[in-house]
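Asks: Take a look at the letters that make up each chain.
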Amino acid sequence: MGSSPVAVDDSRPCNEAGNEESEVRSRKGSGHCWTSREDSDVVLRSPCTLKKLVAVNARMTVTQRATVEGTALRLCLEYCNIGMDRDLTLALIKCWVLRCKAFRISDRRVPLSVFDVALMTGLPTMGRRVELDGEEVSSEVGLLIRGAWLNGNSTRW
Amino acid sequence: MAELCEENSDDDRVGLWLQIYAFVILSGVLHPCTPYGAAWTLLHYVEDMNEIREYAWAEAVWRVLVETIEDTQKKLSKGPLSEVQLNGFCVLIQVMIE
Numbered sequence: 000m001g002s003s004p005v006a007v008d009d010s011r012p013c014n015e016a017g018n019e020e021s022e023v024r025s026r027k028g029s030g031h032c033w034t035s036r037e038d039s040d041v042v043l044r045s046p047c048t049l050k051k052l053v054a055v056n057a058r059m060t061v062t063q064r065a066t067v068e069g070t071a072l073r074l075c076l077e078y079c080n081i082g083m084d085r086d087l088t089l090a091l092i093k094c095w096v097l098r099c100k101a102f103r104i105s106d107r108r109v110p111l112s113v114f115d116v117a118l119m120t121g122l123p124t125m126g127r128r129v130e131l132d133g134e135e136v137s138s139e140v141g142l143l144i145r146g147a148w149l150n151g152n153s154t155r156w
Numbered sequence: 000m001a002e003l004c005e006e007n008s009d010d011d012r013v014g015l016w017l018q019i020y021a022f023v024i025l026s027g028v029l030h031p032c033t034p035y036g037a038a039w040t041l042l043h044y045v046e047d048m049n050e051i052r053e054y055a056w057a058e059a060v061w062r063v064l065v066e067t068i069e070d071t072q073k074k075l076s077k078g079p080l081s082e083v084q085l086n087g088f089c090v091l092i093q094v095m096i097e
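These protein sequence lines map, in sequence, to chains A and B. If you read the first sequence in numbering that gives the first Met the number 0, its first letter stands for residue 0, the second for the next number, and so on. If you read the second sequence in numbering that gives the first Met the number 0, its first letter stands for residue 0, the second for the next number, and so on.
If you're looking for bench data, these hints aren't it; they were derived computationally from the structure. Don't take each hint at face value.
Listed below are the simulated EDC-like cross-link pairs for lysine to aspartate or glutamate, each with C-alpha atoms no more than 16 Å apart in a straight line [as the list claims (entries may be wrong)]:
(1) A:Lys50 / B:Asp11
(2) A:Lys51 / B:Asp11
(3) A:Lys51 / B:Glu5
Label-pair ranges, simulated between beta-carbon atoms [said to hold, decoys possible]:
(4) B:Lys74 / A:Asp84: 16 to 24 Å
(5) B:Leu15 / A:Glu77: 41 to 49 Å
(6) B:Asp11 / A:Arg85: 38 to 46 Å
(7) A:Ala65 / B:Ser76: 46 to 54 Å
Stretch-level coverage of chain B by chain A, calculated; a stretch enters the list once three of its residues show a Cβ under 8 Å from a Cβ in chain A [what the hints assert, rightly or not]:
(8) 38–51
(9) 59–65
Yeah, the Cβ is synthetic: ideal placement off N, Cα and C, and Gly gets one too.
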């Protein structure tokens, strides 16, 4: 685990002459061009279990709710079940501008920043960096969760 | 995993329940990467629930989201696909636009 504050550089200028892959593809025709026929064939899958979290939230006791409210995850209690709109998601992915970390919508660029994620999720932006590929650590709660998982009670989220 | 929350839902075990609940959020909602596994490397973050507030979780969610958008765009650009998996809290990208 790191201990330094997270710094994300969202401030880089995004000029028109930048190497924006999706624009290069569509404008110069040197690469792949999106077509509507391809869209209709792609199935999008998401392992996100928001629906199950919303169900757990709906069934929790007063004590459990009060316990969660005392943590950094308190705003997860307010999450709603939102289904993924396949066409919208695909369209947004296709108009992503790599260099700017933004969606190109018509003539505008709509950046996706850490602060947007914080606003939508209620999660902290500042603090230690979360290492997503760190070492696995054996612990009491870990053994319980892994045990239940391996016993087949929770093999899917 | 949500079932494990139910199994440990007695109020006298609320500490353990909270750890499982937090793991459900971290691994299943914020950073999911497979429908059949869990983000076991995140398990140690729920060890001490007082420490969980010390981490920049929004930045971690953003990182996975950007990575999955860019990976998917790259895969789609290579040609027609029958199926593609979006990791992370991917519904956020449509929430942002709506």
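Asks: Compare the structure with the hints numbered earlier in the document and write down the numbers of the violated ones, lowest to highest.
Replies: 1, 2 and 5
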